[in-house]
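Protein chains: 2
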Amino acid sequence: MKYEVKFLPEGKRSTVAEELPLMAAALKGGVDLANICSGKGYCGKCVVEVIEGQLSPLTDWERKRIPPERLARGYRLACQALVRGHVVVRVPDQSRVGRQRLVIMGKEPPVALKENVEKVYLELNAPTLHDPRADDERILQVLSAKGYRNLKVDYLVGKALPKVARAGGWKITVTILGKREIINVQAGDTTKQSFGVAVDIGTTKLAVFIVDLLDGNLVFADGIMNPQIRFGEDVISRLHFAAQGEDNLKEIQRTIVGGINELVNKGVADTGIKREELYELVAVGNTAMHHLFAGIESRSLGLCPYPAGLGRPHDVKARDMGLDINPSGNVHLLPNVAGFVGADAIADILASRLHERERLTLLMDVGTNTEVMLGNRDRIWSCSTASGPAFEGAHIKCGMRAATGAVEKIRIGPDFEVTYKTIDDEKARGICGSGIIDGVAEMLKSGVIDTSGRMILDNHKRIRDRNPGKEFILIFKEETASGKEDVVITQDDVREIQKAKAAMYGGYMTLMRKSRFKKENLSEIVIAGAFGNYIDPESARTLGMIPEMPLDRISFLGNTAGSGARMCLKSLDARSEAWRIAEGIKYIELAVEAIFEEEYINAMYMPNSRLEEYPETVAVIRAPKVVRRYVKR
Amino acid sequence: MKYEVKFLPEGKRSTVAEELPLMAAALKGGVDLANICSGKGYCGKCVVEVIEGQLSPLTDWERKRIPPERLARGYRLACQALVRGHVVVRVPDQSRVGRQRLVIMGKEPPVALKENVEKVYLELNAPTLHDPRADDERILQVLSAKGYRNLKVDYLVGKALPKVARAGGWKITVTILGKREIINVQAGDTTKQSFGVAVDIGTTKLAVFIVDLLDGNLVFADGIMNPQIRFGEDVISRLHFAAQGEDNLKEIQRTIVGGINELVNKGVADTGIKREELYELVAVGNTAMHHLFAGIESRSLGLCPYPAGLGRPHDVKARDMGLDINPSGNVHLLPNVAGFVGADAIADILASRLHERERLTLLMDVGTNTEVMLGNRDRIWSCSTASGPAFEGAHIKCGMRAATGAVEKIRIGPDFEVTYKTIDDEKARGICGSGIIDGVAEMLKSGVIDTSGRMILDNHKRIRDRNPGKEFILIFKEETASGKEDVVITQDDVREIQKAKAAMYGGYMTLMRKSRFKKENLSEIVIAGAFGNYIDPESARTLGMIPEMPLDRISFLGNTAGSGARMCLKSLDARSEAWRIAEGIKYIELAVEAIFEEEYINAMYMPNSRLEEYPETVAVIRAPKVVRRYVKR
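So the protein sequences, as listed, match chains A and B.
Under this note's numbering, the residue at position 131 of the first sequence is numbered 119, and the numbers go up by one with no gaps.
Under this note's numbering, the residue at position 340 of the second sequence is numbered 328, and the numbers go up by one with no gaps.
It should be emphasised that the hints constitute simulated quantities derived from the structure, not laboratory data.
None of the values given here were measured: they were computed from a predicted structure.
Every residue, glycine too, gets a C-beta built ideally from N, C-alpha and C.
Possibly wrong hints are sitting among the right ones.
Cβ pair distances, simulated, as ranges [said to hold, decoys possible]:
| no. | chain 1 | residue 1 | chain 2 | residue 2 | range |
| --- | --- | --- | --- | --- | --- |
| 1 | A | Ser543 | B | Glu234 | 51 to 59 Å |
| 2 | A | Glu571 | B | Gly220 | 57 to 65 Å |
| 3 | B | Lys502 | A | Gly246 | 38 to 46 Å |
| 4 | A | Asp561 | B | Glu234 | 23 to 31 Å |
| 5 | A | Val76 | B | Glu234 | 38 to 46 Å |
Which chain B residues stay away from chain A? Per the calculated CB distances, all over 10 Å, these [unchecked claim]:
| no. | residue |
| --- | --- |
| 6 | Met(-11) |
| 7 | Ser44 |
| 8 | Val76 |
| 9 | Ala122 |
| 10 | Arg126 |
| 11 | Arg137 |
| 12 | Gly157 |
| 13 | Lys167 |
| 14 | Asp235 |
| 15 | Asn253 |
| 16 | Gly283 |
| 17 | Asn324 |
| 18 | Arg365 |
| 19 | Val580 |
| 20 | Ile609 |
Under the rule of at most 16 Å between Cα atoms (straight-line distance), these lysine to aspartate or glutamate pairs were calculated in the EDC-like manner [claimed, not checked]:
| no. | chain 1 | residue 1 | chain 2 | residue 2 |
| --- | --- | --- | --- | --- |
| 21 | A | Lys140 | B | Glu111 |
| 22 | A | Lys151 | B | Glu234 |
| 23 | A | Lys151 | B | Asp235 |
| 24 | B | Lys151 | A | Asp235 |
| 25 | B | Lys140 | A | Asp303 |
| 26 | A | Lys140 | B | Glu169 |
Please build the complete structure, drawing on both the sequences and the hints.
Here it is as structure tokens:
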């Protein structure tokens, strides 16, 4: 038996077999429905409102993930509700896949739960004239008998204790942080609701994850642009702004806290989780983001020798930072290695297991700043390099964020004919990071530019002179979304990419030479970072962003900073591991390294002035002899 | 050789021998100059501005107690500066003895210093490219080498760390709380400046003490009326107000915190101590005052069985409570025994050493609520009784606070002639607490009233009928300050005193009977409380406030709640002792005790309906047979 499912408001229809989930109908009908957990039920993102029709009974996941008032109004999870008749549903906006592709997910190795937060349900006797013990005493004595000794009571909890205990008829649930402090008291049994927040503060992007602390499942994930961008696109200009005075520092802190709160509030609204039950928040970011988030006086971070203000892991009460989780909850700041290698790098290592690998591995977290780590389970060397925002589509003439219509794949054929793919296969609006990498690599391979980056192609309809320099027309305006402007890659764009990739490679080579690891032992390359998933590894290699390496030994892990933050949220062991990593890592300050200068200049060539390092790449570049006939001599 | 000292602005002159302190000249000349430490220099209260003349060089105490900017302007301590020529000085207002006698001092047994706060001076190496460790790491590693391990860094300290460390050229002083947390970092060596605040929150009076934590000396002491009085004179009406809603509770908390801040700010201004260097605040009060100060939901405190919300000692960050000390400083709340026996009673016991006494002792802290404690080193029983504000001069027709012009001593002769003494020997304005006790006791002894409290005197110029009841004219209006109103004690006044003293005695007898201590073993009576110093013990005994006991076994300790708070501020051992006392004390809830009812009624008589308990007193009362000829039958 088959039934029809109709999706409102767009009115799309889809017919599926009985006992298939609504999600199957959505997929079939081309309805855009969020789905993080692959239909297992725990992400709770695919919530829809049932207008009419017959479906299977509510599952446990639905009872857990849909707030009671929504359950009462007929909301279901599309992955859980099985079709048993013709159905009409409405898809709320927040259940749709966002149009802007802000990559916030990353690979996360399995981690055994060892939360910092415990919930304990207590049934107590009410005070009587024969037992008029104080409320705190009554609770602490029972907890002590259960093995929870010497607990502190958070101030806000103590203030509310008498009221809550009575509201619950002395049946209450106590939340204990780190086996040392009561941070929440609630009426009734709420032991099944315990959540935490992981935050990845990138220079450009901000990602927030809500995790169920009882099973470790991700229940909410979302990202926005870091709202601090209005104080400057790069780290240095934000540090400069913050250094102008106490008020500036406060403002820049308030801005990032506000951004996090915006996402947390969205998560609370979407999932129906109570803010009171968000007990911990683990934040990572590079050292500057970490400091500006915490409101740490950061002037010295911008001055040689660029020491971090706070390097160790720190725990702060949520209310002290104005974060919209439980005000008595804990904010855990992961350790920083140095002024420009921060908690995000530690999180990258945790998630990539670099510190457990036997073979020598290069790990790069590509972003506005790129952290470069080289090592294995014996030792890890690190540095940070200002690769700039070019890879994120900024400072590029036709650059744009990775959103609908952005060119993300490019191939240039023997006669310079261009094939390309845009995000969502819409008409082209511009070029995103992965597109510009492909574009420049293809320009190099096809002979539009030479290894110094100079545009050597001439006398071709796709090349035109502009002031300054030339530009290569990727897509003629007739094919674009606007219909008015060509999509081009300019000489300046190529220079931006050269500088960015030279910084990355220079960082890698400095580590290699200073550490006395052996180049021939390098066995794997791991690229992390919010946009890493979409880079073509061959293009990256062609440009010389990374050393030459068989493609099967280059992997992309996505936003591992967020993964590491989630791991530390779920596991105290991961936090200890993070600190051990931070303590053991060797940091190199590139700003004063002559080796870096030298390698940076070598790497301004594509792939490198030391061509012998890139035999395969060189073979490809030199292949298209055809270019010669267009080249002006 | 003798020299003249002139005191401005009043222009009083005084001549003293060379090498005598200015204080000696002030005493001789009748200049009113504050002096808490008896001229030892450490209270710093007697600061004067030297206009001209020759004095001895500055002493260490002067350098320690007078802020640098005042030192530069010629301020001196009158007890330290020795006269070496004719001198002219100006006495600032804050150096004068306050006119209102708000008794805030109490007996304080010596206590060995064991502060919760330590200051450590560090000289660190600045970061270099070869040693770019983070600022926190740099500091914590040196502290760890000195034996301070696993320190937390308070959030505000962490934020300011980079700036302060550099301001001090990496020579800094770190303040450590409880060997576990850094709560202050300052540039330079400030190890000699470490202060704490002790606060006694009485229902009617509020006292604040600033103590030098390095030597235990008191450097500032002042009191005001508890500003919560506008929400009700007694505890019950304030609890009622607070129970009306969250905002009321917040308002009443803000009010008391505001009062404390007012006194702390005065202390800071008077002494030149930096607010940043007030590192701890220890507060005591009865359970209701404790809860309203901390902002604890207190509805249940007013409902049988009146359990305290928080009974245990608690530590709270100063910034969480809005107190004007170092925001990272610690507020220590002493434990409460029960709903109506609070931290102030524990402090009384600590200061009176009741828990160490071999002999059975009755300890009463007399105030709007009177805490009654009976026991010795083996065990202590306690209760609280609502004695009302009569002893503080309230609810008494001519009652007034203990200020200039208040009648404080009264004797009534054989023919009802009255002799009296006023505070500051000014013309009478009213009667204060000790005066009303004297007055009623003398009225009883002289036969103005009988043992039931009824005014039996008649046909005498000092007796007149009013509606309702009679009144006894203590002082005719011609002799008073106003010249317009007689100072009288009314029949209602007598009833107020009877009720108050009956409550106290009823509390004592209930404890005696329930505890199975033996009445014949009662060996000492200790009266504590802000006005206790001024009570005539014989009058108190005559009224039957206390059991009959030789006068040399009745002692007055003053405001021991404040003393106990100071002891706990100075010594962690005293805090442990306080908690042991609180754990061991047996509490009796009078509200449901039939024995209390019975003893209360017995004690409405003066001294008591069981006259056999007061043989000496009865002998005195019956002596003045002369009364008979005025008594109307």
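Here is what the structure says about each hint:
1. The hinted range of 51 to 59 Å is satisfied by Ser543/A and Glu234/B, whose Cβ atoms lie roughly 55 Å apart.
2. Between Glu571/A and Gly220/B the CB atoms are about 58 Å apart, so this pair conforms to the stated range of 57 to 65 Å.
3. A hinted range of 38 to 46 Å for the beta carbons of Lys502/B and Gly246/A is inconsistent with their spacing of about 60 Å.
4. Between Asp561/A and Glu234/B the Cβ separation comes to about 41 Å, which falls outside the hinted range of 23 to 31 Å.
5. At roughly 45 Å, the beta carbons of Val76/A and Glu234/B sit within the given window of 38 to 46 Å.
6. Residue-level check passed: Met(-11)/B sits 57 Å from the nearest beta carbon of chain A, beyond 10 Å.
7. Non-interface call for Ser44/B relative to chain A: holds, since the shortest CB-CB distance, roughly 44 Å, exceeds 10 Å.
8. Residue-level check passed: Val76/B sits 44 Å from the nearest beta carbon of chain A, beyond 10 Å.
9. Not every Cβ of chain A is farther than 10 Å from the Cβ of Ala122/B; the closest lies at roughly 3 Å, contradicting the non-interface assignment.
10. Distance to chain A contradicts Arg126/B as a non-interface residue, since its nearest Cβ pair spans about 8 Å, not more than 10 Å.
11. For Arg137/B, the non-interface assignment is confirmed: its Cβ lies about 13 Å from the closest Cβ of chain A, beyond the 10 Å cut-off.
12. In this structure Gly157/B is separated from chain A by more than 10 Å, as the shortest Cβ-Cβ distance comes to about 13 Å.
13. With a closest Cβ-Cβ approach of about 15 Å to chain A, Lys167/B is found to remain outside the 10 Å limit, as its non-interface label requires.
14. The claim that Asp235/B is not at the interface with chain A holds, since no C-beta of that chain comes within 10 Å of its own (minimum 14 Å).
15. Asn253/B, annotated as away from the interface, keeps every beta carbon of chain A farther than 10 Å; the closest lies near 22 Å.
16. For Gly283/B, the shortest C-beta to C-beta distance to chain A comes to about 5 Å, within the 10 Å cut-off, and the non-interface label is violated.
17. At roughly 6 Å, the least C-beta separation between Asn324/B and chain A is not larger than 10 Å, which violates its mark as non-interface.
18. Distance to chain A confirms Arg365/B as a non-interface residue, since its nearest Cβ pair spans about 24 Å, more than 10 Å.
19. Taking the minimum C-beta to C-beta distance to chain A, about 6 Å, the non-interface status of Val580/B is violated against the 10 Å cut.
20. Its beta-carbon lying about 38 Å from the closest one in chain A, Ile609/B satisfies the requirement of being farther than 10 Å from that chain.
21. The suggested pairing of Lys140/A with Glu111/B is violated, with an alpha-carbon distance near 34 Å, which exceeds 16 Å.
22. Of the pairs offered as hints, the one joining Lys151/A and Glu234/B holds, with about 11 Å between alpha carbons and a cut-off of 16 Å not exceeded.
23. Restraint check: the Cα-Cα separation between Lys151/A and Asp235/B comes to about 15 Å, which is no more than 16 Å; the hinted pair holds.
24. For the hint linking Lys151/B to Asp235/A, the alpha-carbon distance of about 15 Å falls within 16 Å, and the restraint holds.
25. Proposed proximity of Lys140/B and Asp303/A is supported: the alpha carbons are some 8 Å apart, at most 16 Å.
26. Our distance criterion of 16 Å between C-alpha atoms is met by Lys140/A and Glu169/B, whose separation comes to about 15 Å.
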